[in-house]
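Chains L and U supply the protein sequences, listed in that same order. Be aware that the first sequence starts at 0, since it is given in numbering that gives the first Met the number 0, and climbs by one per residue. Be aware that the second sequence starts at 0, since it is given in numbering that gives the first Met the number 0, and climbs by one per residue.
No lab work stands behind these hints: they were computed from the structure. Ideal Cβ positions, reconstructed from N, Cα and C, are used throughout, including at glycine. Treat the hints with care, since some could be wrong.
Label-pair distances were calculated between CB atoms; the ranges are [said to hold, decoys possible]:
no.	chain 1	residue 1	chain 2	residue 2	range
1	U	Met148	L	Ala131	36 to 44 Å
2	L	Gly119	U	Ala159	50 to 58 Å
3	U	Ile202	L	Leu74	34 to 42 Å
4	L	Thr144	U	Gly432	50 to 58 Å
5	L	Arg24	U	Gly432	45 to 53 Å
Spelled out, the chains give:
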Amino acid sequence: MTLLAGPLLLALIAAAPQGSLQDARVRIAIVGDTAHVDARYRITDPGDSIRLHAPRVAGQHTAFDHRFDDPRLRLDTLPGLFRLTALGEGRGITLNLRYSVRGDLSRIPLFVPEAPSTPGQSRVTILVDGLAPDRAARFVVPRFTRDSRGPWRATPDHLPSVVALVKPARGLPVPALAQWSVLLIAFAGTLAWLLTHLAARRRT
Amino acid sequence: MTATFFVVAGMYFTAIFGISIWSYFRTADEVDFIAAGRSIGPLVGGAVLAATQISAGTFVGTVGRHYLAGVSWWYVWFGVWAGWLVSAFWVAPKLRRFGALTVPDYIAVRFGSKGAGALAGALIVVSYTIYLVAQFQAGGEIALTVFGMKPLTAMLILVASTAVYTVLGGVRSSSYIEFIQMLIMVSALVIAVPVLLHYAGGITQARHFLDSLDPRLTSGFYGWKEILAFSVSFGFAIAAAPYEMTRYYSMRDERTVRRAIYVAIGFQVVIGVSVLGIGMLTRVLFPTLSSQDLASSVMAFEILPPLVGALLLVAMLSAIMSTVNSILLVVGAGVAHDLYGKLLRPEASQEHLVLVNRVSIFVLALIPVYFALQKYGDVQTIVVEQAKFIASFFFVPVVIGLNWRRGTAAGAMAAMVGGFLACLAWEFTGQRGFASHGIDAVEVGIAVSLILFVTVSRFTKPVPDQNLAVFFHRPRG
Numbered sequence: 000m001t002l003l004a005g006p007l008l009l010a011l012i013a014a015a016p017q018g019s020l021q022d023a024r025v026r027i028a029i030v031g032d033t034a035h036v037d038a039r040y041r042i043t044d045p046g047d048s049i050r051l052h053a054p055r056v057a058g059q060h061t062a063f064d065h066r067f068d069d070p071r072l073r074l075d076t077l078p079g080l081f082r083l084t085a086l087g088e089g090r091g092i093t094l095n096l097r098y099s100v101r102g103d104l105s106r107i108p109l110f111v112p113e114a115p116s117t118p119g120q121s122r123v124t125i126l127v128d129g130l131a132p133d134r135a136a137r138f139v140v141p142r143f144t145r146d147s148r149g150p151w152r153a154t155p156d157h158l159p160s161v162v163a164l165v166k167p168a169r170g171l172p173v174p175a176l177a178q179w180s181v182l183l184i185a186f187a188g189t190l191a192w193l194l195t196h197l198a199a200r201r202r203t
Numbered sequence: 000m001t002a003t004f005f006v007v008a009g010m011y012f013t014a015i016f017g018i019s020i021w022s023y024f025r026t027a028d029e030v031d032f033i034a035a036g037r038s039i040g041p042l043v044g045g046a047v048l049a050a051t052q053i054s055a056g057t058f059v060g061t062v063g064r065h066y067l068a069g070v071s072w073w074y075v076w077f078g079v080w081a082g083w084l085v086s087a088f089w090v091a092p093k094l095r096r097f098g099a100l101t102v103p104d105y106i107a108v109r110f111g112s113k114g115a116g117a118l119a120g121a122l123i124v125v126s127y128t129i130y131l132v133a134q135f136q137a138g139g140e141i142a143l144t145v146f147g148m149k150p151l152t153a154m155l156i157l158v159a160s161t162a163v164y165t166v167l168g169g170v171r172s173s174s175y176i177e178f179i180q181m182l183i184m185v186s187a188l189v190i191a192v193p194v195l196l197h198y199a200g201g202i203t204q205a206r207h208f209l210d211s212l213d214p215r216l217t218s219g220f221y222g223w224k225e226i227l228a229f230s231v232s233f234g235f236a237i238a239a240a241p242y243e244m245t246r247y248y249s250m251r252d253e254r255t256v257r258r259a260i261y262v263a264i265g266f267q268v269v270i271g272v273s274v275l276g277i278g279m280l281t282r283v284l285f286p287t288l289s290s291q292d293l294a295s296s297v298m299a300f301e302i303l304p305p306l307v308g309a310l311l312l313v314a315m316l317s318a319i320m321s322t323v324n325s326i327l328l329v330v331g332a333g334v335a336h337d338l339y340g341k342l343l344r345p346e347a348s349q350e351h352l353v354l355v356n357r358v359s360i361f362v363l364a365l366i367p368v369y370f371a372l373q374k375y376g377d378v379q380t381i382v383v384e385q386a387k388f389i390a391s392f393f394f395v396p397v398v399i400g401l402n403w404r405r406g407t408a409a410g411a412m413a414a415m416v417g418g419f420l421a422c423l424a425w426e427f428t429g430q431r432g433f434a435s436h437g438i439d440a441v442e443v444g445i446a447v448s449l450i451l452f453v454t455v456s457r458f459t460k461p462v463p464d465q466n467l468a469v470f471f472h473r474p475r476g
């Protein structure tokens, strides 16, 4: 009986998101200091309208395709993000978005609909072409793989708001530093334990 | 990532089973099994208290709440810490001085009634079974997200591995394992935050994004009435939490207990700040998830570098296992020590009681698996519900009972039953109108419990002085 009280509280505190993201396919082509993004979304049960958000990244200039002038699509530029509002079309809606990002390409923004994906049922694919070899694929979000010389491919369960690439720079990137600090903590912990243990044995 | 996880997890499980086997050969009697021979110091003790408190509710549920609701959930921590301080000043030293094995032992002696002790034991078993549901559900969510594993399989593996190390070494192995678990949890959380911040573009960009996404994320998603209700639930439950109090008994002395509580609060401040950052930054990077409970495992699996992600996943499993372990010890002791040993077979030998305790742990670990598979709510909701009930039936007999000598057995039993029923009744009636009146079930439960305790105690026979002597320095003259 106690457990039945859970949904009551849940209903009080959390509003369920609308719609469901069935399919998202994003293709990013990097040419020089510009990334061309071509994204296609299929959303079911979007309601009267569905909103999509993408972060505005400092040091970038984003140019949107002229089709954003479509009266069914409204683009708002807010502090920190772009908001795209699309009017619903019955039981499902398909959106094709094209935009290009110029400047700092360490984080390429993606529009994420407010409709969540369902792991195992939805399909999310992100492809990146033209990634320079100095942007190692080891510390990128989401996790990419590559077959021979084809594009880098990621198939995460959920759509991220950015494709984060390693910025070519001197020194270790933050994620690499984090990896090293894990090893350092493990080593220091083992050493501390050994020293304490040895000291205790010497005392006895 | 999966291979890295298995390597890290393999090292971790090798370490904890090594400690369990070491402890097994050092466990001779019930005091060793339930209270680790009363040998735990302040640092390990503090880490153990924090590890017991930091559960799946924190790693999955609290991260999820920060993901959903932003910064305002953080204020609930003040209620948690207030509960710890109440415990440090008015509960823990007296309980440790008393030196019982379980909380129902305290109830039985303080109020001079085996019936009150048995009632406390039964309520503990019921309420903590609910808490286990949250832990198993979180384990299932993590396994599903990371490995695509069926939740039932994951839960059974979790039950088996946790029950084995609990059964083998009791509180002694649990204490040392939880110390290691605490270090893993703190390291993983502290390392994860700068990585997330790096991907999110820094604090300013993240704040602007969240402000525009939903202004309530950075200001106030919850109103003060809701924050108060959550804080009261956690604070009052922590002040009288049986699984925390059981750990006091394993520490050297009263001074050690108090110092351990301060250490535990220190660990929790670090964890609280990190969890806040993780929840909100995961919202920036994955703004739409089908359930907020997915936030922590998506973050560990999709965002963090493999080694850090693997460490965090192991930390989450550690959190779940340490809490499951503590609860199993409490409910196992509730059945074997308080119900079986005190009521059914008082003549049972030490070996027999330890065997009953171990069997109870295995059986009681399996029951919540069924409920966890039903998914009645998100993890944090189940944790909050359980805290409400613990606070409603336990706070008054424990905290007031330890500091007001006039409390009687009848008063304590009325307070436990009345508080529990009032909280339950309000959940299904008055709670629906919370938005207008702002009165939560936990507040009703505690108020009813307090009124019944004072009123019934006033009209019933006082507890004999010899029962009170250990809790109140001067016998009533």
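message: Verify the CB-CB distance for Thr144(L) and Gly432(U) against the hinted window 50 to 58 Å.
response: holds (53 Å)
query: Per the hint of 34 to 42 Å, is the separation of the Cβ atoms of Ile202(U) and Leu74(L) within bounds?
result: violated (26 Å)
task: Take the C-beta atom of Arg24(L) and the C-beta atom of Gly432(U), compute their distance, and say whether it sits inside 45 to 53 Å.
output: holds (47 Å)
message: Looking only at beta-carbon atoms, does the pair Gly119(L), Ala159(U) fall within the given range of 50 to 58 Å?
response: Given about 26 Å between the Cβ atoms, the range is violated.
- prompt: Taking the CB of Met148(U) and the CB of Ala131(L), does the distance hold inside 36 to 44 Å?
  reply: holds (37 Å)
Against the hints set out earlier in the document, violations occur for numbers 2, 3.
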